[in-house]
Amino acid sequence: MPRRTFTLFGALLTAASLAALTGCGGEGAPQAKEEAAAHARACPRIADTPVRLAGGTFEMGEEDVYDEEGPVRTTTVHGFWIDPHEVTNRQFAAFVAATHYVTVAEKPVDPKQFNVPADRIPPDMLKPGSAVFTPPDFPSNRYTDWWKYVPGASWKKPYGPNGPGAVPDEPVVHLAWDDMVAYARWAGGRIPTEAEWEYAASAGQRSKNVQPEEANSWQGAFPNYNAGTDGFKGVAPVGCYKPNANGLYDMVGNVWEVTSDFFRPGHDPKDSDDPKGPDEGSAYDPFSADVPSRTVKGGSYLCAPNYCQRYRPASRQGRDPGMGTSNVGFRLVYDTPPRPR
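According to the numbering used here, the sequence shown holds residues 773 to 1113 in order.
Just so you know, the hints here were simulated from the structure itself, not pulled from any lab data. We treat Cβ as the ideally placed atom computed from N, Cα and C, and that holds for glycine. You may find that some hints are simply not true.
[Claimed, not checked] Just the calculated beta-carbon pair ranges, DEER-fashion:
id : residue 1 : residue 2 : range
1  : G1053     : R957      : 21 to 27 Å
2  : R957      : S1054     : 24 to 30 Å
3  : I818      : G937      : 20 to 26 Å
4  : E986      : N1078     : 17 to 23 Å
5  : R978      : A819      : 24 to 30 Å
6  : G937      : R1111     : 25 to 31 Å
Please model the complete structure; the sequences and the hints are all you need to start from.
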């Protein structure tokens, strides 16, 4: 069984489950209905054909927002191909149909991973499931008020068993690192390095702390009020917003995107030629000290000016590799021309 870790959401999930976990399998359904009512933006179907980017040099990082994003360093990457959009439910479903793959979120949880006596673990926490964002009715700065471990939530049922099914052209979510790697191998690609991802997202422009109009982010006071003026209050299908100068969609906003780099706050100025981040032994995430985190980029639809100003190419944070959530996805890069699929 792939190892499912709870380092990033461990305290959150344990606290939430001890408080009131029973019956949260339908938490996402009302939210999904509200989001569906907010869809006012046209979302044309876009191609899946990867984009070829020539190598180049750019200024990676940003120094005026969060400490872990600096220092700015001149960075060089070699050329590669990259998916024009996040991997979608439609694409992941094709992989599952071809391989019969079962994701980590669809498997029972090993109680040994909690490191507490078995009789202290709420039964629902051992059921297959994942972490779902559920907006509270009140202002709050506590994770436990807006994240819930929902039994039955998976890429097939993003809001839980009583919510709607996966929308084909929305980014696939609720995947662990092992799930993404399995898809990448099947598709003939790999997870991008942080430098490759930021080079592609920057598209020749320096990262700036400005909430973008052409991206799916949060308008209003997070976490309880989202005006949805960008057309969506939740995850949007790919292709709803204008691409960047490289022809890539949703490089910021919509869902966080996983990179192959282990996470450590800040950049090493000396590691600037096709950098691949720290090794596993040197990785460190102050919010997830027990297990090395992977670096995620670009922010998500949950990023708001009053809470998470990470709707930028330089944004970065650590992410638990063993567990999926409802706002994290990925896209692939390729070292050789990708095969049709």
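Quick check: which numbered hints come out false for this structure? none
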